[in-house]
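Trainee: We have chain A already, so just place chain B on it with the hints.
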Amino acid sequence: MIPFLLRRVVQSIPTLLLASVLIFFVIQLAPGDFLTPARLNPNISPEQLENLSRNFGLDRSIPEQYLRWMGNMFRGDFGLSFQYQQPVLDVVWPRIKNSLWLVLLSTLLFYAIAIPVGVYGAVRQNSLGDKFINVVLYFLLGFPSFFLALIIIYFILLARDATGLDIPIGGMTSNNYEQLSSLGRVWDIVKHLIIPAVVLAISDAAGLTRVIRGQMLEVMRSDYVRTARAKGVNERSVIWKHTFRNGILPIVANIGGLLPAAISGAGFMEVVFAYPGVTPMLLTAINTQDLYLIAGFTVITTILLVIGNAISDLLLAVVDPRVKVA
Amino acid sequence: MKKALFVALAMTVGSAVAAPFVWPAAWTAEQNTANKRGGEYRYYSLSDYKTFNPFTSAEADSIPTLIAAGTGLFAQDPRNDEFIPYMADAKPTVSNNGKRFVVKIREGMKFSDGQPITADDFVTTMRIHMDDKVGSNSFDSFRLAGKPITIKKIDNYTVQFDFPQVSSGAYERMAFTPWPDHVFGKAYREGGAEAIKKMWTLGTNPNQIVSPGMWTLGSYRAGERAVLERNERWGEWNKDSRGNALPYLASASYRIVGDANAALAAYLAGQIDSVAVRNADDLAQIKRAMDAGRLKATLIPNVSPQATSQWITFNWNKAGDPFKQKLFRDVRFRRAMSHIANRKAMVDLALGGLGTETYYSVYPIFRQQIAAGASAPKYPYNLQAATNLLRQMGFTKKNAQGYLVDNSGKVLEFNLSTNAGNTVREQLGRIFADEAKKVGVKVNFTPIDFNNLVNQLTSKGENRPFDAILLGLANGSNVWPFGSNVTPCGGNLHSYNNNSKGTCLTSQETLMTKLYFQGDATLDDAKRRAIGGQIMKAEGELQPVIYLVGGNYHVTFNERLGGEYPRTMMDAYYGSRDLALTFVK
Chain A
1 MIPFLLRRVV
11 QSIPTLLLAS
21 VLIFFVIQLA
31 PGDFLTPARL
41 NPNISPEQLE
51 NLSRNFGLDR
61 SIPEQYLRWM
71 GNMFRGDFGL
81 SFQYQQPVLD
91 VVWPRIKNSL
101 WLVLLSTLLF
111 YAIAIPVGVY
121 GAVRQNSLGD
131 KFINVVLYFL
141 LGFPSFFLAL
151 IIIYFILLAR
161 DATGLDIPIG
171 GMTSNNYEQL
181 SSLGRVWDIV
191 KHLIIPAVVL
201 AISDAAGLTR
211 VIRGQMLEVM
221 RSDYVRTARA
231 KGVNERSVIW
241 KHTFRNGILP
251 IVANIGGLLP
261 AAISGAGFME
271 VVFAYPGVTP
281 MLLTAINTQD
291 LYLIAGFTVI
301 TTILLVIGNA
311 ISDLLLAVVD
321 PRVKVA
Chain B
1 MKKALFVALA
11 MTVGSAVAAP
21 FVWPAAWTAE
31 QNTANKRGGE
41 YRYYSLSDYK
51 TFNPFTSAEA
61 DSIPTLIAAG
71 TGLFAQDPRN
81 DEFIPYMADA
91 KPTVSNNGKR
101 FVVKIREGMK
111 FSDGQPITAD
121 DFVTTMRIHM
131 DDKVGSNSFD
141 SFRLAGKPIT
151 IKKIDNYTVQ
161 FDFPQVSSGA
171 YERMAFTPWP
181 DHVFGKAYRE
191 GGAEAIKKMW
201 TLGTNPNQIV
211 SPGMWTLGSY
221 RAGERAVLER
231 NERWGEWNKD
241 SRGNALPYLA
251 SASYRIVGDA
261 NAALAAYLAG
271 QIDSVAVRNA
281 DDLAQIKRAM
291 DAGRLKATLI
301 PNVSPQATSQ
311 WITFNWNKAG
321 DPFKQKLFRD
331 VRFRRAMSHI
341 ANRKAMVDLA
351 LGGLGTETYY
361 SVYPIFRQQI
371 AAGASAPKYP
381 YNLQAATNLL
391 RQMGFTKKNA
401 QGYLVDNSGK
411 VLEFNLSTNA
421 GNTVREQLGR
431 IFADEAKKVG
441 VKVNFTPIDF
451 NNLVNQLTSK
461 GENRPFDAIL
471 LGLANGSNVW
481 PFGSNVTPCG
491 GNLHSYNNNS
501 KGTCLTSQET
511 LMTKLYFQGD
521 ATLDDAKRRA
531 IGGQIMKAEG
541 ELQPVIYLVG
551 GNYHVTFNER
561 LGGEYPRTMM
571 DAYYGSRDLA
581 LTFVK
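So the sequences go chain by chain: A and B.
The numbering of the first sequence is full-length UniProt numbering, which starts it at 1 and goes up by one.
The numbering of the second sequence is full-length UniProt numbering, which starts it at 1 and goes up by one.
Just so you know, these hints were derived from the structure itself, not from any lab.
There's no promise every hint is true.
Keeping only pairs whose Cα atoms sit at most 20 Å apart, straight-line, the calculated DMTMM-like set for lysine to aspartate or glutamate is [said to hold, decoys possible]:
| # | chain 1 | residue 1 | chain 2 | residue 2 |
| --- | --- | --- | --- | --- |
| 1 | B | K99 | B | D525 |
| 2 | B | K501 | A | E50 |
| 3 | B | K501 | A | E47 |
| 4 | B | K287 | A | D161 |
| 5 | B | K133 | A | E47 |
| 6 | B | K147 | A | D130 |
| 7 | B | K186 | B | D120 |
| 8 | B | K198 | A | E47 |
| 9 | B | K239 | B | D120 |
| 10 | B | K296 | B | D281 |
| 11 | B | K133 | A | E50 |
| 12 | A | K241 | A | D161 |
| 13 | B | K133 | A | D59 |
| 14 | A | K97 | B | D48 |
| 15 | B | K198 | B | D281 |
| 16 | B | K460 | A | D59 |
| 17 | B | K324 | B | E462 |
| 18 | B | K36 | B | E236 |
As the structure is a computational prediction, the values presented were derived from the model and not from experiment.
Extracted from the complex, chain A is given alone in its bound form (with noise of 0.2 Å):
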């Protein structure tokens, strides 16, 4: 196993120096900087926008810049955001953190949702309930989870001006937050986070039950499932230990994929919920072209996409004796 993962890091130094390139020089890419929305302000002289963009390092060359940022990080230096003017990571973490909580919570749900579904279609294949959850699945596939948050939070409205209850749809924490004990801020932040952790989970659920339920149909059929039912194991038994565990693979290989996802938030739903994750902050910094906010986090994601694929890697060797990381 060690001499796999020592294999993983060599590999990935030229995987990280090559993306770490391309995400500098794309950014580069888009016309101006950080600094062009300041040259349309009379208040502002060029004098000063000369000294904004030498503190900035602006004023060199791109190349250069690169170079700079690159030795930076070798020492754990992600760069300045120019919004901030503070360190990347100091930026990036209360909001990470943020995103994890979210995150964290639909991917439990996620699984929660999708295994048994997934399980119960394959089991009980074209029944009635079998065809409806289909139904509904098909439903959910083609819906873009934000257009499906945005109409639950037309429901949600409708309902607080019928009842009058103070059902949370935006933000993470209330105005009150500051004031309460410390066991009604979990219960605050959870009363935030479920509407939208459940509506992620439902929608990114749809896919991975119909992936489940093909599995388990497939694994169901083999000879060692029939051996094993002939033998007389008991129904559960062949369901989850046998079939199930073989069905699971290729999710077990995509698991890697969870370690960047749980810090690069949940997309479009934080903005729709107003949740203050890592995307909307991402979307404002390319907007205003804070170049090392962009790369510092990007980079970032990188990192633990090569760490979660070596992770996967171990994962399924040991869900499947057949594979072999040495």
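Mentor: Using the frame of chain A, we list chain B on its own:
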């Protein structure tokens, strides 16, 4: 004996606690006579806050500006735009031909941590802003024509400012917020600019933030909200007309909403107390909610024009295309273009009827300056007049497509661009192009990327890469409403002529440059406005830039709030209320 004791007592009290600043009763339409105190003002911010550091903060709506509300040696009276002593004890002593100001600081003012506010705080704050390595947004306000303004401490409560030349903006420039010397001065002396940049980031504990102003920072949650709390120390020297400490409010919260539609939704749902009304659509939604009884609020449409401009500029530096260069430099052509601009249609169609026609670089909201330039020429919508002017230039015939051609058969056409995504500007450009077609001028209107557009506009040289650009400017003060980099030749926003030497090309430009510096160096308000009027006259004649229209400012606020400005004092420049006098009913 008793009397002597009383006098002695009164004198000691008098020297320890100087007279507070009394907020004029006329600054509010609704006196807080019921003496209601406490409560929260709930507002919003479109973008997340970036820092708590007053020296690196670059945005207008930053946490440092919010907490420092109610600071500055001088403050502008919204009734007449005049500067009155505020953190200063009295008007300054002016000497050296209007270049030296000796200012007494009001005694008894304290920072939120209880330390007195003294001359040192003003001196240190200005020094740090002036350090170009800090990158402060206020850097420019402490320099005049490239030379620094100096500040000197005379004694603990007296500072002296020396300006390199007389400046109309002197009071504004001296009206900066003092930040604590005992916090920043120490760091700056030890670690210089780098140490200042590292201070008061978003990670700093809010209770370490020391405020000179109306609020202290209560709490901040990234991407969610900032809560400000009343600074009791500020109330010690700010009283209402009946002697009560201000502000009445206990707190003000700013929810970060991320986009204007979300802000409107929160306002309609009664979750925030006020919202910036962008257009007719917003107005209609608020009106509907009020009529349906879902929202109890006040709505005042068309309070004033916005302090912004929208205009079309023509490029005079087109060495690569002599035909167009000659065209754009011809004053008859530009006057014709002003005649083509159907400003009424622009207000009606692009702004839903809620706008103001503009003819000068001075925003129409700056009424006093506009009044001083009332005789400046205008070239309003008149297609016949445009046709006549173009005929004088030799465009007498039309080709098969109906476009004017000169004697050599060259079509009268140019490209006009604006920034894509700005729907109002896209409509303004479309209306302009349609009207131009009526007289036979071919306008190829294309919205392009904003950054590309700015690069083109601010480019320098003999052959700049655009024909005409439709864009807008905001910012500027009502003291001297001409931009230092807009009006004089050589300024980077002197958009129509920006040759490599930065020289003027016409006598009017030379005159405007001269008048700009003359007015900027005039302290007397009336005289300065008269000079401004002369600039407007030269600008009107030359028509270097065709000013179009601007949107209007509308006010709406929830019924639970009281203490707004009287209707006549509200405008886009001063806003609709001062939080110091605002109270929750």
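Trainee: When you check the alpha-carbon spacing of K241(A) and D161(A), does it fall within 20 Å?
Mentor: 49 Å, violated
Trainee: Starting from K501(B), check that the Cα of E50(A) is at most 20 Å away, please.
Mentor: 18 Å, holds
Trainee: Measure nothing beyond the straight line between the CA atoms of K239(B) and D120(B); if it is 20 Å or shorter, mark the hint as holding.
Mentor: The hint is violated at about 25 Å.
Trainee: Against the 20 Å threshold, does the CA-CA distance of K198(B) and E47(A) hold or violate the hint?
Mentor: 24 Å, violated
Trainee: If you draw a straight line from the CA of K296(B) to the CA of D281(B), is it 20 Å or shorter?
Mentor: OK: K296(B) and D281(B) at ~19 Å, within 20 Å.
Trainee: Hey, K324(B) versus E462(B), does the alpha-carbon distance stay inside 20 Å?
Mentor: 13 Å, holds
Trainee: Holds or violated: K97(A) and D48(B), Cα atoms, limit 20 Å.
Mentor: Holds, because 17 Å separates the two Cα atoms, which is no more than 20 Å.
Trainee: Is the Cα-Cα distance between K36(B) and E236(B) 20 Å or less?
Mentor: 18 Å, holds
Trainee: Below or equal to 20 Å on CA atoms is what counts here, so check K133(B) against E50(A).
Mentor: 11 Å, holds
Trainee: Tell me if the straight-line CA distance from K501(B) to E47(A) falls inside 20 Å.
Mentor: 16 Å, holds
Trainee: Starting from K287(B), check that the Cα of D161(A) is at most 20 Å away, please.
Mentor: Distance of about 19 Å is within 20 Å: holds.
Trainee: For K147(B) and D130(A), compute the direct alpha-carbon distance and say whether it is at most 20 Å.
Mentor: 79 Å, violated
Against the hints set out earlier in the document, violations occur for numbers 6, 8, 9, 12 and 15.
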